[in-house]
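*Asks:* Next come the chains, spelled out residue by residue.
Number of protein chains: 2
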Amino acid sequence: MTKKLLSSISHPRDFRSFNQTQLQQLVDELRAEIIEVVAEREGHLGASLGVVELTVALHAIFDTPNDHLIWDVGHQAYGHKMLTGRWAAFDSLRQWEGLSGFPSRGESPFDAFGTGHSSTSISAALGMALAAKHNGEERQHIAVIGDASIASGMAFEALNHLGTTQANVLIVLNDNAMGIDPSVGALKDSFAKNTSEQNSLFESLKIPYTGPIDGHDLAGLCAVFNEQKKKKGLRLVHLRTIKGKGLASAEENQIVFHAPGKFDPQTGKLTKQPKAGKTKFQTVVGKTLSALFDDHDHLMAISPAMPTGSGLVELMEKYPKRCLDVGIAEQHAVTLAAGMATQGLLPFCVIYSTFLQRAYDQVIHDVVLQKLPVVFCIDRAGLVGHDGATHHGVFDLVFLQTLPELSILAPRDEIQLRQQLYTLTTSPPKGPVAIRYPRGSGELSNWEVPFAPIDYIKGTCLREGEHTAVISVGTMAVEVTQALNQLDQSIAHYDLGCVKPLDEKLLHAICSQFSYLISVEEGSLIGGVGSTLLSWANNNGYHIKMKQIGIADHFVSHGAPAVLKQQLGLDAAGIAQSITTFLREEACN
Amino acid sequence: MTKKLLSSISHPRDFRSFNQTQLQQLVDELRAEIIEVVAEREGHLGASLGVVELTVALHAIFDTPNDHLIWDVGHQAYGHKMLTGRWAAFDSLRQWEGLSGFPSRGESPFDAFGTGHSSTSISAALGMALAAKHNGEERQHIAVIGDASIASGMAFEALNHLGTTQANVLIVLNDNAMGIDPSVGALKDSFAKNTSEQNSLFESLKIPYTGPIDGHDLAGLCAVFNEQKKKKGLRLVHLRTIKGKGLASAEENQIVFHAPGKFDPQTGKLTKQPKAGKTKFQTVVGKTLSALFDDHDHLMAISPAMPTGSGLVELMEKYPKRCLDVGIAEQHAVTLAAGMATQGLLPFCVIYSTFLQRAYDQVIHDVVLQKLPVVFCIDRAGLVGHDGATHHGVFDLVFLQTLPELSILAPRDEIQLRQQLYTLTTSPPKGPVAIRYPRGSGELSNWEVPFAPIDYIKGTCLREGEHTAVISVGTMAVEVTQALNQLDQSIAHYDLGCVKPLDEKLLHAICSQFSYLISVEEGSLIGGVGSTLLSWANNNGYHIKMKQIGIADHFVSHGAPAVLKQQLGLDAAGIAQSITTFLREEACN
Numbered sequence: 004m005t006k007k008l009l010s011s012i013s014h015p016r017d018f019r020s021f022n023q024t025q026l027q028q029l030v031d032e033l034r035a036e037i038i039e040v041v042a043e044r045e046g047h048l049g050a051s052l053g054v055v056e057l058t059v060a061l062h063a064i065f066d067t068p069n070d071h072l073i074w075d076v077g078h079q080a081y082g083h084k085m086l087t088g089r090w091a092a093f094d095s096l097r098q099w100e101g102l103s104g105f106p107s108r109g110e111s112p113f114d115a116f117g118t119g120h121s122s123t124s125i126s127a128a129l130g131m132a133l134a135a136k137h138n139g140e141e142r143q144h145i146a147v148i149g150d151a152s153i154a155s156g157m158a159f160e161a162l163n164h165l166g167t168t169q170a171n172v173l174i175v176l177n178d179n180a181m182g183i184d185p186s187v188g189a190l191k192d193s194f195a196k197n198t199s200e201q202n203s204l205f206e207s208l209k210i211p212y213t214g215p216i217d218g219h220d221l222a223g224l225c226a227v228f229n230e231q232k233k234k235k236g237l238r239l240v241h242l243r244t245i246k247g248k249g250l251a252s253a254e255e256n257q258i259v260f261h262a263p264g265k266f267d268p269q270t271g272k273l274t275k276q277p278k279a280g281k282t283k284f285q286t287v288v289g290k291t292l293s294a295l296f297d298d299h300d301h302l303m304a305i306s307p308a309m310p311t312g313s314g315l316v317e318l319m320e321k322y323p324k325r326c327l328d329v330g331i332a333e334q335h336a337v338t339l340a341a342g343m344a345t346q347g348l349l350p351f352c353v354i355y356s357t358f359l360q361r362a363y364d365q366v367i368h369d370v371v372l373q374k375l376p377v378v379f380c381i382d383r384a385g386l387v388g389h390d391g392a393t394h395h396g397v398f399d400l401v402f403l404q405t406l407p408e409l410s411i412l413a414p415r416d417e418i419q420l421r422q423q424l425y426t427l428t429t430s431p432p433k434g435p436v437a438i439r440y441p442r443g444s445g446e447l448s449n450w451e452v453p454f455a456p457i458d459y460i461k462g463t464c465l466r467e468g469e470h471t472a473v474i475s476v477g478t479m480a481v482e483v484t485q486a487l488n489q490l491d492q493s494i495a496h497y498d499l500g501c502v503k504p505l506d507e508k509l510l511h512a513i514c515s516q517f518s519y520l521i522s523v524e525e526g527s528l529i530g531g532v533g534s535t536l537l538s539w540a541n542n543n544g545y546h547i548k549m550k551q552i553g554i555a556d557h558f559v560s561h562g563a564p565a566v567l568k569q570q571l572g573l574d575a576a577g578i579a580q581s582i583t584t585f586l587r588e589e590a591c592n
Numbered sequence: 004m005t006k007k008l009l010s011s012i013s014h015p016r017d018f019r020s021f022n023q024t025q026l027q028q029l030v031d032e033l034r035a036e037i038i039e040v041v042a043e044r045e046g047h048l049g050a051s052l053g054v055v056e057l058t059v060a061l062h063a064i065f066d067t068p069n070d071h072l073i074w075d076v077g078h079q080a081y082g083h084k085m086l087t088g089r090w091a092a093f094d095s096l097r098q099w100e101g102l103s104g105f106p107s108r109g110e111s112p113f114d115a116f117g118t119g120h121s122s123t124s125i126s127a128a129l130g131m132a133l134a135a136k137h138n139g140e141e142r143q144h145i146a147v148i149g150d151a152s153i154a155s156g157m158a159f160e161a162l163n164h165l166g167t168t169q170a171n172v173l174i175v176l177n178d179n180a181m182g183i184d185p186s187v188g189a190l191k192d193s194f195a196k197n198t199s200e201q202n203s204l205f206e207s208l209k210i211p212y213t214g215p216i217d218g219h220d221l222a223g224l225c226a227v228f229n230e231q232k233k234k235k236g237l238r239l240v241h242l243r244t245i246k247g248k249g250l251a252s253a254e255e256n257q258i259v260f261h262a263p264g265k266f267d268p269q270t271g272k273l274t275k276q277p278k279a280g281k282t283k284f285q286t287v288v289g290k291t292l293s294a295l296f297d298d299h300d301h302l303m304a305i306s307p308a309m310p311t312g313s314g315l316v317e318l319m320e321k322y323p324k325r326c327l328d329v330g331i332a333e334q335h336a337v338t339l340a341a342g343m344a345t346q347g348l349l350p351f352c353v354i355y356s357t358f359l360q361r362a363y364d365q366v367i368h369d370v371v372l373q374k375l376p377v378v379f380c381i382d383r384a385g386l387v388g389h390d391g392a393t394h395h396g397v398f399d400l401v402f403l404q405t406l407p408e409l410s411i412l413a414p415r416d417e418i419q420l421r422q423q424l425y426t427l428t429t430s431p432p433k434g435p436v437a438i439r440y441p442r443g444s445g446e447l448s449n450w451e452v453p454f455a456p457i458d459y460i461k462g463t464c465l466r467e468g469e470h471t472a473v474i475s476v477g478t479m480a481v482e483v484t485q486a487l488n489q490l491d492q493s494i495a496h497y498d499l500g501c502v503k504p505l506d507e508k509l510l511h512a513i514c515s516q517f518s519y520l521i522s523v524e525e526g527s528l529i530g531g532v533g534s535t536l537l538s539w540a541n542n543n544g545y546h547i548k549m550k551q552i553g554i555a556d557h558f559v560s561h562g563a564p565a566v567l568k569q570q571l572g573l574d575a576a577g578i579a580q581s582i583t584t585f586l587r588e589e590a591c592n
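Protein sequences appear in the order of chains A and B.
At position 178 of the first sequence the residue is numbered 181 (my numbering), and the sequence of numbers has no breaks.
At position 83 of the second sequence the residue is numbered 86 (my numbering), and the sequence of numbers has no breaks.
Be aware that a few hints might be false.
Since the list gives no way to pick out one identical chain from another, each pair is judged satisfied if it fits inside one copy or across any two copies.
Once the Cα atoms are required to be at most 25 Å apart in a straight line, the calculated BS3-like pairs of lysine-lysine come out as [stated by the list, open to error]:
hint, residue 1, residue 2
1, K461, K248
2, K196, K461
3, K136, K321
4, K272, K248
5, K508, K548
6, K508, K196
7, K209, K196
8, K7, K196
9, K136, K433
10, K374, K136
11, K324, K234
12, K324, K209
13, K324, K6
Just so you know, these hints were derived from the structure itself, not from any lab.
Chain A on its own, in the form it takes in the complex (with noise of 0.2 Å):
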C-alpha cells in the first residue's frame, strides 16, 4: 500500500482540514504502515490497530500539543508517533538509540508525559490540569487508559481525586477487554453491560459519562471529539474497540497478537521461530510448577495480569482454581498470596520485577515482616531488551536485599531455577523467598531432568583459579564463563545461586585464598550484591581487593539484549576487558 496522505505528515497540523474520506484514507494507510513495520521490526501490535481511528480523531480535533495527550502504558502510541513527526524514524523502533516503543518526554513534545507501566495516566493528567488551573493557562488534557488498566488501583485513586476536583481532564476510556491477556475482575462486566449514558462507577466518582461508543466509527469519533472540545471539566468518554483490528488474524488471536514477534503482513502468519532446543526461563517456571502442583495440593499460583508473559497459561487453565489472574493489581497479588499463606498454602506470587516496584510494601509490610511462606517468582530480572528502562529489572536486588528474613534467589540456569522450585516445593520455607531470573532463553537444552533436592543455599565452585576469583549472581554466570574462557589466567568462578542469606562458609574460604575479589551482577551496583560481599568481607576483617562489575548509576535505555549488554560491558567481552583492566591496574598498585 502506498502511504500518499502519511508520507506528507509531520505535524498533525497537515491532516486537521482533511475532509472525513482523506482523515479515513490517512487511518487505513496507519493501520497498514504499523502491520508492515512491526511485522519486520517487532513490538506490541494489537494496542496500536485498535486506537488507529481514536488517533487520528484525537490528533485531528484536538491541538496538539499544546493539548495535552497521554497514552497510558504507552504501547499503543505507535500510530501516535508516526503522526507527530517520527514516521520516518519509525523503521528505528525500540531499536538501541531508535525510537522508544513508548511515549517518551525527551523524544517529542506530543509526548506529554512517559510511560511503559499501566494506570499513571489519569494522576499524570490531572497534575497537568491543576497546573494549567494555577497557571492560567487554558488547554485540553487527555488521559487515554484501557479498560485494564483503570482497573488497577493506582488509576483509582486518581478517579477519587479527580471527582473532587473541577480539574479540565478528560478520560477516553478505550474498552476492548484485553490487557495482554483478557482483563478480568467485576469492574469489566460492569463495563461490558453498559448499555445507556450513564455508568454506576463513575457516577459514584461523580465523573460525567459519555458512552459507550463505537472506537472504529471515525466520523462519530470527531463528533464526539469536537462536542468535548467545547467543553471543561472532567469528563469520561467510554469506547468500545478491538485489539488487532484490522488485521484478521490479530483480532482473532489478541493475546499472541499483543507483541507477536516477526509475522507476514498479508497473512498474519508469525514467522519468527523459537531458538531451536532453547526454552524461555518463564515456560521452565510454568512446566515445573505444572508438574508440582500435580503432586502437591497446596501449591497456588498468582499472576497480576500477566499469565501468558509470565508463562503460566498451561498451569491456568490445568488449574484454574489454583492459578489466579487478579488483573493488573500487584498489591492486591502480594497481600492476597499473604492471605493464603497464613492459611498452610505455599502461594507463588509470579510478578515482573519491574512491576513488583508496585508492591515493594506489602512485599514488606505483609509477608515478609509476617515472615509468611511466599514465594515471589521475580521475572524480567535484569535487562529485557527492547522495552527499555521502564522495564529493566535491575533494582530488586537491592530493594529486596535490605529486607530482613527474605531469601534471595538467582539460579544460574534452567535445572537450577527448576530444582530450586522443586526444594521449595518439598521442604517448605519457614519464610518468604524471591526467584529472580531474567526474560527469554538460557543455554540448556535439557533442562527438565528429574527433579532432586539441593541445598540452595549453597554456592557452586565452576572453576579452580589462583590470586584472583570471580562471584557470579544468577544467569551472569554464562558470560563470566565466556569471559574466563578468552583470558589466559588462572582465575576462579563461584555461582553464588542464592543471594541471601549469604553461603559464608564458601566466602570465608574464597576470601581467605584469594586476594582479589570480582562481582558480576545484572542489576545496580549501588546497593548491590557487590557491594554487600565487599561489607560481609570487611566486617569479617578481609582487607580483599574487589572490583565491582554490574549496572552504574544511570538508567539504561532500549534496543537488542545483544547490544545493551555490549555497551554496558556485561557481555563475555566486556567481562574480560573489566577483569583485564582491574587486575592490571592492581599489579602497578
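Based on these hints, arrange chain B on the given structure of chain A.
*Replies:* Same frame as chain A, but now just chain B:
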C-alpha cells in the same frame, strides 16, 4: 468505673451467652477502660472508641478466632485486644516488649493478620477465604475497613477481584468520614449520601450491600451480624460510626484525639506539654514551606492523608489550592506531583518513609526516570518509636540510593533542613530530590534563622581528629557528637548532609587522611550509606578499615524511641561503645 465484666473475660466465649443488658455494660466498661489506659499510656484513641459496639458485637456473634477477623490499619483494635485475653497486659501497650499497638499474628491467634498500613484487609481476607475453599474449611472471614482506607487503590484492586469470586468474605465498612484527617475524595460523598439499601460503587463491583446501619446501636449490630453469620459469599455491611464516640472532647476534636498523647480521662483535657523550646521537624517543614509559598508561586505541596502528622495544616489553610490532601493514595500522590512538575511547578510531596514504599514504582517510573523536579519530603525517616516495625523508616536510604539522578538530602538539624528547603526553592533542582528527616523534635531552640542558600551537596567537618573519622548521616550527628564527647580520643566527625550525590572531594580528603572510618546511619546496614561509602573507597583505591553502624538485618520492634536506640546501640553510649570496640580490635590486628 469498676470493670466487673471486663475483668472476668479472657476469651470472647466468656460473653457470648450475655444478654443485651450485659453486653451493653461490657461496651461501657470497655469504652471506659480504653479511655483510662490511653489517657495514661498514649496511643490511638479515637478509632478504638468508635468501634466499641462493633468489637463487642463481632466477638459476641462470630466464632472468633475460628472465624477470621481482620482489622484494617489496626489502630482501632484496642477493644479487640482487651476482649481476647490481653486485658491484663494492656498496660504494656506500645512499650518495649509489651503489646503491639496493632494486631500481630505473633501476639494472639485472634489477630488473624498483622496490620499497621491501610487497605490490606480485603486482600488478606480474600486470600484466607480462597484457602478455606481450597482446604474445605468452613469459617467466616471478616474485614473491618474504614471509609478512608477503602478509598485507597489497593482496596479497590481487592474489591475488583472479590467481585468475580464466590469467596466467603464479609466486609464491614466502618464509615466515620475520617482517616487521621477527614476523609477526602469523591467516594466519601457517595457513602455520605447513601440512604438506601444500595450503593452504586458496590453495585458496579457486584458486591451485595447492606446499610447504612447505626454502628453504635449494639442490639442492631448483633441482629445484623446474626443474619450475616447465616450467610456465605461476598457481602458488605455499611456502618456509620463516630470517631472518638463516648468522650466528648474526642468526638469534637477528632483529629487531635486520633492519637492525643496523655490526657485527663475525665475531662478529656490534654495534659502533655510539648518539650520546652523544641520544635518537631514536621513543624519546621510546615512553617518553612509556608514562608516559601508566600514568596514563590510555583510551589505546591501534596500529602496522602497525613496533613496533620506532616505539619501541613497551617499551610493547607493558607493555601488550600496549593497544598492538597489526596487521601490514602500514595501512588497517585507521586504521579500527580510528576504531572505538575512537567508544567514548571515545584511540588513538595510529603510522605512518611514507610508509606513511600507504596509508591516506589511511581517514584522510579514517573519521577526519577523522567528527571522531573519533584521534592520528596520523607517524614518519619528512621525509628518512629511506639508504632513499631510497620512504621520504622529504615529502608528508604537503600531503596532510594540505588535510583539514578535522584539527590538524597539528610539534614543533621532543623536549620540545615530549613536552608535545604530554601535552597531548593530559590535554585530549583534540575531533577528529583528527596529530603529525609525523623519523627519528633530536634535539639535546636532557635531554628527560624534568616533564609540563606547553601551548597547542600557539601559535607561538613563537625570535629577534627586523627587516624579515625566518623561520618554520620542526618540527625545521627547529634548522637555521634555526644558519643565523641564521651570518648577520650581524637576522632574526627563529618556530617554528609547529602547522601547522593556524594561529596567526593570531601571523601577523598577523608580517605587520604584517616586509616579508620566509621559510618553511622539510622537505617538498614545492607545497602545503606555505610556500604556505599565502603564501595566508594574501594573503587577509588583506598583500602580503608571501616565500621558500619546502623540497623542490622532484622525488623525493629515497638517502644519508646530512646529505648529502641539503646537496644540497637544507636544512642550515644552505644555508638561510643561500638567505636571503642572497633578501634581496640583493629589495634590488636
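*Asks:* Compare the structure with each hint and give your call.
*Replies:* Going through the hints against the structure:
1. In this assembly of identical chains, K461 and K248 lie within 25 Å of each other by CA distance neither inside one copy nor across copies; the values are 52 Å within and 57 Å between.
2. For the identical chains of this complex, K196 and K461 are neighbours neither inside a copy (55 Å) nor across copies (61 Å), given an alpha-carbon limit of 25 Å.
3. Taking the closest pair of Cα atoms, K136 and K321 come within 25 Å of each other only across two copies (18 Å); inside a single copy the shortest separation is 53 Å, beyond that limit.
4. Only within a single protomer do K272 and K248 lie at most 25 Å apart by alpha-carbon distance; the minimum there is 16 Å, versus 68 Å between protomers.
5. For the homomeric pair K508 and K548, the shortest alpha-carbon distances inside one copy (19 Å) and between copies (22 Å) are both at most 25 Å.
6. For a Cα distance limit of 25 Å, the shortest separation of K508 from K196 qualifies neither inside one copy, at 62 Å, nor across copies, at 65 Å.
7. For the homomeric pair K209 and K196, the shortest alpha-carbon distances inside one copy (20 Å) and between copies (12 Å) are both at most 25 Å.
8. Taking the shortest alpha-carbon separations for K7 and K196, neither the intra-copy value of 41 Å nor the inter-copy value of 57 Å comes in at or below 25 Å.
9. In the homo-oligomer, the alpha carbons of K136 and K433 lie at most 25 Å apart only across protomers (23 Å), although the nearest pairing inside one protomer, at 54 Å, exceeds that limit.
10. Taking the shortest Cα distances, K374 and K136 sit within 25 Å of each other only across copies (23 Å), while inside one copy they are farther apart (47 Å).
11. Only between protomers do K324 and K234 lie at most 25 Å apart by alpha-carbon distance; the minimum there is 22 Å, versus 47 Å within a single protomer.
12. For the homomeric pair K324 and K209, the shortest alpha-carbon distance between copies (20 Å) is at most 25 Å, but the shortest distance inside one copy (36 Å) is not.
13. Taking the shortest Cα distances, K324 and K6 never come within 25 Å of each other, neither inside one copy (49 Å) nor across copies (49 Å).
Checked against the numbered hints listed earlier, the structure breaks hints 1, 2, 6, 8, 13; every other hint is satisfied.
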